[in-house]
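Engineer: Chains G and U, in that order, are what the protein sequence lines are. 106 is the number that the working numbering gives to position 106 of the first sequence; each next residue is one higher, with no gaps. 669 is the number that the working numbering gives to position 539 of the second sequence; each next residue is one higher, with no gaps.
Be a bit skeptical, because a hint or two may be false.
[Claimed, not checked] Selected chain U positions facing chain G (Cβ under 8 angstroms, derived; list incomplete): (1) 253; (2) 372; (3) 387; (4) 461; (5) 511; (6) 670; (7) 673; (8) 675; (9) 679; (10) 682.
Hints in this document: simulated from the structure, not taken from any laboratory. Where a beta carbon is used, it is the ideal one built from N, C-alpha and C, also for glycine.
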Amino acid sequence: MTKIKSLADLRNMKADLQSKIALREKSDNPEGLVQIKVAMATCGIASGAKEVMEFLIDELDKRNIDAIVSQTGCMGYCYAEPTIEVTLPNQEPVVFGYVDSKKADDIIEKYIKTGELLEGIIPVNYEKID
Amino acid sequence: MAKFKTHMLVCGGTGCRASASDVLYENLKKEVKEKGLENDVQVVTTGCFGFCEQGPIVKMIPDNTFYVGVQPKDAADIVAEHAIKGRKVERLLYKDPVKKEHVPDSKHMGFYKKQIRIALRNCGLIDPENVNEYLAADGYEALGKVLLEMTPEEAIKIVIDSGLRGRGGGGFPTGVKWKIAHGVNGAQKYVVCNADEGDPGAFMDRSILEGDPHSVLEAMAINGYCIGATKGLIYIRAEYPLAIHRLKIAIAQAREYGLLGEDILGSGFNFDIELRYGAGAFVCGEETALIHSMEGHRGEPTFKPPFPAESGYLGMPTNVNNVETYANIPVIFNKGAQWFASIGTEKSKGTKVFALAGKINNVGLIEVPMGITLREVIFEIGGGIKGGKKFKAVQTGGPSGGCLTEKHLDTPIDYDNLIASGSMMGSGGMIVMDEDDCMVSVAKFYLDFTVEESCGKCSPCRIGNKRLYEILEKITKGHGTMEDLDKLRNLSNVIKDTSLCGLGQTSPNPVLSTIDNFYDEYLAHINEGKCFASQCKDLIKYEIIPENCVGCTACARNCPVNCIAGERKQIHLIDQSLCIKCGACMEKCKFNAVTII
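Chain G on its own, in the form it takes in the complex:
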């Protein structure tokens, strides 16, 4: 990594990073990329988020689904850990709770492949600032 030497550099870098992310989200690929965030705070990990994340990475790869699986912090739904957020191309993110590898399998087969929702999804109940 090179050092960021000025505020202008920082802003250029931010713009660059943001456009890369935007590009990733609005990929030309008609099927697009599936993005999955796994809540990996202590509570999530304690409930098995690591195993779920590994399962997702392995299985999406095996089933030839183009996806980015990344870790993130606590989403706040501690009662329903492990929680994951799935964003299909051009759609709003959906949060799933109580995800074990069986449920993760359902999510891949049903939601990611056919857009069918699973029972018990968690409505996002907070406002984001931008």
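Place chain U on chain G using the hints.
Structural biologist: Chain U alone, transformed into the frame defined by chain G:
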């Protein structure tokens, strides 16, 4: 397989279920099937939307139409009108209480979302181990602006104007604290982040460090520039290994990018951060004790003044702020003091993160604007009390706080109202209790914690709390007298007035607030030898109701001390002299033949 065009999300939270959302769900499914739409429209249940007041809720995807107060009979209309003809069912739309107009979709319902995430803005959004994701989310922009475009005085003024108060519990205005530290001269000044989160049930600081460590580093650097410090220290408990791991990664990445270190962003300002580990002592959340612990001394508080701003770490001017306080700082610079000050109440600005725990459906971490009511937090965001039981109290502020009851449900939550109600903000733990909780035992639980955590330096705290605990124990064993109640009050007041630090000065709060709010329960324990919640083992007795007992022997077989006698098909009997009151018999009995008296 065809993809669904429309999804109907039916709220399956407790509140909506109570008003027949499960029947509604079945009806919607039936209608969809009858109209032959099962390949186009999917009906699913969801968790609580937090809008229980106007339930049952149905949300349509993808157009986000938000229907409220939907009855089972409305299913036909929703399917026929919305799903088939694509027209919204006007009469079921949410009505704006001010404008008296129907709101077409949830995006226009500012009111519906009770939570605003400022301190938690990046938690659950970015990868905490990747600095690039933080940079893309406006990361270090605030630091750049402060270093290159503002004087320390100007930056401090912004923090003062924002009205931000310390989120660690005390609520001291952050900007004022910075101004004091700025005004003191010293060869080397220090910025310290207090990550010694010790309240039972509170975990917001850990979540912030685990989910967004860079926001704390950025804020500390800003703090350093404002007060003229070049060194930052994070005092974190060793029990938080994941937070430590992610902080280390974040510090290394920030150094590589030159966002920590020398000549940050070409401004000539140097700042670096190191970690200091605590052993998990509650008293080390107190800033003087924390500083002594960092210096390698015993974690004991010392008298203030001198305040750390004058003589802190290694005798140098030191500014200590809590994790959540720091997490707010970058946003204040990016969005402006006015924006921040527009959220919250007159004297408490912005939001507060609470850890909801106890007998509540949606246990979790929430961030709400100051001034929200307990009712909204518990019954809307929290989804109400578990198992449909009755709400009894909520404990805020941990071992230093108190209990709030039904009469406080509609009080706006802010620093001053909580203190006026006999509790305090604390770090933001909220433990919800229902009718099965004994308030004398709750007070005893917190006292047990303080006795354990008292550092022992001053006698009111060391000896006084122990005596309080013993009196409470006496009451829960059924040996209490009315005189004990007076003693509890008097001793509590003495401890509050004479203890050296915040730990002792607030430790009797759980006792005083439970006496004030649940005086009846204390009286019942003392005068009648009764515990309403059946929690005090010495005051209850398990007995078998002869009429209900069928002699199945389940209780006798499961009794760990073999104190239940009785042959098969004969009425059983509990030997009270041997019973340890574990409740196993009651749990195993399928005929409701075991009762507590």
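Engineer: Hint by hint, say whether it matches the structure.
Structural biologist: Verification of the supplied hints:
1. For residue 253(U), the suggested interface contact is upheld, since its CB lies about 4 angstroms from the closest CB of chain G, less than 8 angstroms.
2. A least Cβ separation of about 5 angstroms between residue 372(U) and chain G falls short of the 8 angstroms threshold, and the interface hint therefore holds.
3. A cut of 8 angstroms between beta carbons decides the hint on residue 387(U): the least distance to chain G is about 5 angstroms, and the hint holds.
4. The beta carbon of residue 461(U) comes within 7 angstroms of a beta carbon in chain G, closer than 8 angstroms, and the hint placing it at the interface holds.
5. Because the smallest distance between the Cβ of residue 511(U) and any Cβ of chain G comes to about 7 angstroms, under 8 angstroms, the interface hint for this residue holds.
6. The restraint placing residue 670(U) at the interface with chain G is violated, with a minimum CB-CB distance near 30 angstroms, outside the 8 angstroms limit.
7. At its closest, the beta carbon of residue 673(U) sits 36 angstroms from a beta carbon of chain G; the interface hint therefore is violated under the 8 angstroms criterion.
8. The restraint placing residue 675(U) at the interface with chain G is violated, with a minimum CB-CB distance near 36 angstroms, outside the 8 angstroms limit.
9. At about 38 angstroms, the closest approach between the beta carbon of residue 679(U) and any beta carbon in chain G exceeds 8 angstroms, and the interface hint on this residue is violated.
10. For residue 682(U), the shortest C-beta to C-beta distance to chain G is roughly 35 angstroms, which exceeds 8 angstroms, and the interface hint is violated.
The structure fails to meet hints 6, 7, 8, 9, 10 from the earlier list, while all remaining hints are met.
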